[in-house]
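Asker: Each chain, letter by letter, is given below.
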Amino acid sequence: MEFLQEQLPALQVVLPLVAASLCALFRFGYLSWLITLSSSILSFLVAVFLLLRVLEQGIISYEIGGWSPPFGIEYRVDLINAFVLLIVSGVSAVIVPYTQKSISARFDSTEQSWFYCMYLLVLTGLLGVTITGDAFNIFVFLEISSLASYAMIAMGRDRRGLTAAYQYLIMGTIGATFIVIGIGLLWAMTGTLNLYDLAGRLPEIKNTRPVLAALAFLTVGVSLKLALFPLHLWLPNAYAYGPSVASAFLAGTATKVAIYLLLRFFFTIFGGATFFTETPLPEILKILALLAMFAASIVAIFQSNIKRMLAYSSVAQIGFIVLGISYATETSLTGAMTHMFNHAIMKAGLFLLLGAIMFRLGSVKIEALSGIGRKMPLTMAGFVILGLSLIGAPGTAGFISKWYLGLGALEQGEWWILVLIVSASLLTMIYIGRVVEVAYFREPTDEVVQLKEAPSEMLWPAYLLIAAAIYFGFDTSFSADLARQAAVLLVNAVY
Amino acid sequence: MTTIQVLMSTIMIPLIGTFFILLLNRFSNFRETVTLITSILLFAAVYKIFICVMDGDRSELLIFSITTGLKFSFHVEPLGALFALVASFLWIVNSIYSIGYMRGNNEPRQTQFYAAFAIALSATMGIAFSANLFTLFVFYEVLTLSTYPLVAHRADPNARIGGRIYLIYLIGASIVFFIPALLWTLILAGNLDFKMGGIISDVASPGTTGILLALFVFGIGKAALMPLHRWLPSAMVAPTPVSALLHAVAVVKAGVFTILKVVIYVIGSDHLLKTGASEWLIYLASFSLIAASVIALTKDNIKARLAYSTVSQLSYIILAAAIATPLALMGAAMHIVTHAFGKITLFFVAGAIHTSAHKTRVSELNGIGLSMPFTMLAFFIGALSIIGLPPLVGVWSKLYIALGSMEGDNSWVIAVLIISSLLNVAYLMPIVIKAFFASAPKTETTNPISEAPWLCVVPLSLTALICLILFFLPGYFESYLTDFLGPK
Chain A
1 MEFLQEQLPA LQVVLPLVAA SLCALFRFGY LSWLITLSSS ILSFLVAVFL
51 LLRVLEQGII SYEIGGWSPP FGIEYRVDLI NAFVLLIVSG VSAVIVPYTQ
101 KSISARFDST EQSWFYCMYL LVLTGLLGVT ITGDAFNIFV FLEISSLASY
151 AMIAMGRDRR GLTAAYQYLI MGTIGATFIV IGIGLLWAMT GTLNLYDLAG
201 RLPEIKNTRP VLAALAFLTV GVSLKLALFP LHLWLPNAYA YGPSVASAFL
251 AGTATKVAIY LLLRFFFTIF GGATFFTETP LPEILKILAL LAMFAASIVA
301 IFQSNIKRML AYSSVAQIGF IVLGISYATE TSLTGAMTHM FNHAIMKAGL
351 FLLLGAIMFR LGSVKIEALS GIGRKMPLTM AGFVILGLSL IGAPGTAGFI
401 SKWYLGLGAL EQGEWWILVL IVSASLLTMI YIGRVVEVAY FREPTDEVVQ
451 LKEAPSEMLW PAYLLIAAAI YFGFDTSFSA DLARQAAVLL VNAVY
Chain B
1001 MTTIQVLMST IMIPLIGTFF ILLLNRFSNF RETVTLITSI LLFAAVYKIF
1051 ICVMDGDRSE LLIFSITTGL KFSFHVEPLG ALFALVASFL WIVNSIYSIG
1101 YMRGNNEPRQ TQFYAAFAIA LSATMGIAFS ANLFTLFVFY EVLTLSTYPL
1151 VAHRADPNAR IGGRIYLIYL IGASIVFFIP ALLWTLILAG NLDFKMGGII
1201 SDVASPGTTG ILLALFVFGI GKAALMPLHR WLPSAMVAPT PVSALLHAVA
1251 VVKAGVFTIL KVVIYVIGSD HLLKTGASEW LIYLASFSLI AASVIALTKD
1301 NIKARLAYST VSQLSYIILA AAIATPLALM GAAMHIVTHA FGKITLFFVA
1351 GAIHTSAHKT RVSELNGIGL SMPFTMLAFF IGALSIIGLP PLVGVWSKLY
1401 IALGSMEGDN SWVIAVLIIS SLLNVAYLMP IVIKAFFASA PKTETTNPIS
1451 EAPWLCVVPL SLTALICLIL FFLPGYFESY LTDFLGPK
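Taken in sequence, the protein lines are chains A and B. When the count follows our numbering, it moves up by one through the first sequence with no breaks and lands on 495 for the last residue. When the count follows our numbering, it moves up by one through the second sequence with no breaks and lands on 1488 for the last residue.
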């Protein structure tokens, strides 16, 4: 048991990786699903144990292959990435039970295995990026997850999924290139790739031109991955035309991990909030975040495909998170990290519900949903609840994060930012309201009349997330309180 | 049971009722029985609290704390108990009326209607007994959301647009103004609790207080202060029982009730008097009061006319809250009650006319008083109470507001009150005159209109009667309210 405890950081990544190869090896759909399910749940348990251990004894350092850092690769778990590991593995563990129904309806056994293989590789990559303490390792895992997610997107029912995946591939690769250039520059200047080591050496040379160039490259590269406006163009199509499971999974995890990277680079290795606020980054990020909040929300209002609408909504919500980051204060970072947590729950849940509608109806066009509230009451009731959370209605998780973001802006005396936050929430209300109105206050079309409620295998995972979205609106000891502790670490660059 | 347990049950009873209403979807008689039983139980529970409050009980209960300053807690205090008592009593009356109206008009989706209604009442109870702004805000939003399906009930394009306006105004106002006000209060005071004398009175400068008051007054869109009143007329697309109980009593009164709570318990009425930070609101509320009455004059649709009348009457309460002297606040609290009984009677009548005669316009009412004598007599009584004439209860609240304005050196407000009362006469009395003294159109002599179903007539006669009875009991009001906001 003691041995197993010591190996937790390695298990976190190795489990899904081995599972992915098993899926590729057996190529039998149902078996692959079982493998994916068990490895996802185990990963989640590992993340829980890691978090508990971090809370108990502080930072965990794990030497891969016994090579001591900074020469070998180190896995380093502190509160910040333990929190993100939990989000990623948790969302995955909830989604996998849902996948079977939706995937087996469309693919034959071998294709299913490949899907699960890709899914697990994405999971491996995302967990790897989060857990590793090595800059180059970050790049490697990022590419593992990205390449696998291109393949996953391309498996969508819609043929446009192929172009969407291609677009994503181009943009994602540019982003990865930028990141690797940034890391290369850092390595050239410091001679180390270990994040902890970097954090020790960078502050002395932080104002040299190569370091600033590295920062710029990293910022742009990571911003591409997290779909920060105006680098978001790949995201709407990828989410809209990929399989619903992939949209739910990526919306809940991929962008969150990219945000984690942003936090890690900006705060941990460059010397905390003091360095961050010396650079022009806060202003730039703030403006881009505000643009994202408004432009993407307005575009979302005019979408006819609801998956695309939610994809644009993701871009807007990322704007909220980045806005919190741009203030670099304890409260605002708490808001940003809480929103990261809450948005993962809400958006994954919304995409799962849309997947259920797609499964029954074969379309997620807004006009096709007339009166669907009467035929799929549980699905649409869930949509309303998560929609309210997305708007930020009190009593839901979304309220808590926006509350902290607003408080963060007010603490800086920038009340007009608060006005903008609330106006953007109003736009959210409009695009969610559009769907609700069509679903409940229109007569059902002939196709809708014949619908049945979504299968229970698809409903209960979504309802787990819905329950979480309500629960975390009342009890924040897990979301906001942990986020606050993490924010303190970020502001002071403790690693 | 302790007061607190009773308090929790007031929130739970309607929710349990909702559950059974949904369960009994197919059995309409049982379903309506559940609504009636639920409303009676709720009233009994609230009455129990009311008695405890009279005995000086001020229990408080913290359910849980979410994060710094955000607590979920309840308390009992006179104003909330009074509001809850009126709302829960009128729910009984309104439920009887609803059965007559909904069946008489063959409305669709009645289960959804009764279920949403019960949730709305639960939220109203939550608002009445919240011990802090955050808890109140949560229930306030639940009330908005639970009444949206009632507004959009007919599901035709008109109802959809009405529902849209309803949501955008109410949620919009609370997002844009109310939440910032909450955040600012939290930053200023460090908590959001309701405390006698206010929580920001020591820390807020006059300027800050004025702006904060503005954020609250406009953020609480349910109070329908101009220029954020448009949602109320458009909510009139709802079935009449909804307009009667929710858009003349529960929802709009929840709005002005919240404003009163903010003035008394958050900002502090003494602080307002000292700083004069509410001076501007006296003018704005006066304007809203008169302008809405003038608009009411121009409306031919009965419900639209009544809706603008409600906007105007709500401004009385906002006006009194802005004056902020003890007598004015007492008038405001009374007006919540007196207007409730008066206006619900008028809406009941409008619905009764719609049910039996299928008429919605003032100009069509010629001679209707002869075929619907009870109904129109009740309208006459309700109208007199709204105007504020003795021997009806409406006179007392207006009197106290007038006295309060003199107490606060704003005697010119009395002129506003008089003009407004004259306008009330001008837009309500023609209906009565037409009904009783104009001759009915020819078609109706051959095809006479009958009185509305008794399930409609009994409730509206009852509320009219209460307007009369309450007139003789001003002492009860006064002694009940003096305790907590009376003259020192």
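Bear in mind the hints are in silico, worked out from the structure with no lab data behind them. It cannot be assumed that every hint is accurate.
Simulated coverage check for chain B against chain A, where a stretch passes if three residues somewhere in it have a Cβ under 8 Å from a Cβ of chain A [to be verified]:
id: 1; stretch: 1013-1024
id: 2; stretch: 1041-1051
id: 3; stretch: 1057-1071
id: 4; stretch: 1087-1095
id: 5; stretch: 1232-1241
Which residues of chain B face chain A? A partial, calculated answer using Cβ under 7 Å [to be verified]:
id: 6; residue: G1104
id: 7; residue: E1107
id: 8; residue: F1137
id: 9; residue: R1160
id: 10; residue: I1161
In this text, a Cβ means the ideal position worked out from N, Cα and C, and glycines have one as well.
Asker: Give a verdict on every hint.
Answerer: Now for the hints, and whether the structure bears them out:
Counting residues of the stretch 1013-1024 of chain B whose C-beta lies closer than 8 Å to any C-beta of chain A gives 0; at least three are required, and the coverage claim is violated. Given as covered by chain A, the stretch 1041-1051 of chain B fails the check, having 0 residues with a CB less than 8 Å from a CB of that chain where 3 are the minimum. Counting residues of the stretch 1057-1071 of chain B whose beta-carbon sits less than 8 Å from any beta-carbon of chain A gives 4, enough to reach three: the coverage restraint holds. Against chain A, the stretch 1087-1095 of chain B contributes 0 residues with a C-beta closer than 8 Å to a partner C-beta. That does not satisfy the three-residue criterion, and the hint is violated.
Note: the stretch 1232-1241 of chain B has 0 residues with beta-carbon separation from chain A under 8 Å; the three-residue rule is not met and the coverage is violated. Annotation: interface hint on G1104 of chain B violated; nearest CB of chain A at approximately 23 Å, more than 7 Å. Proximity of E1107 of chain B to chain A is violated relative to the hint, the smallest CB-CB distance being about 15 Å (cut-off 7 Å). Hint status for F1137 of chain B: holds, given a least beta-carbon distance of 6 Å to chain A, under 7 Å.
For R1160 of chain B, the suggested interface contact is upheld, since its CB lies about 5 Å from the closest CB of chain A, less than 7 Å. Because the closest C-beta pair between I1161 of chain B and chain A is about 10 Å apart, greater than 7 Å, the hint is violated.
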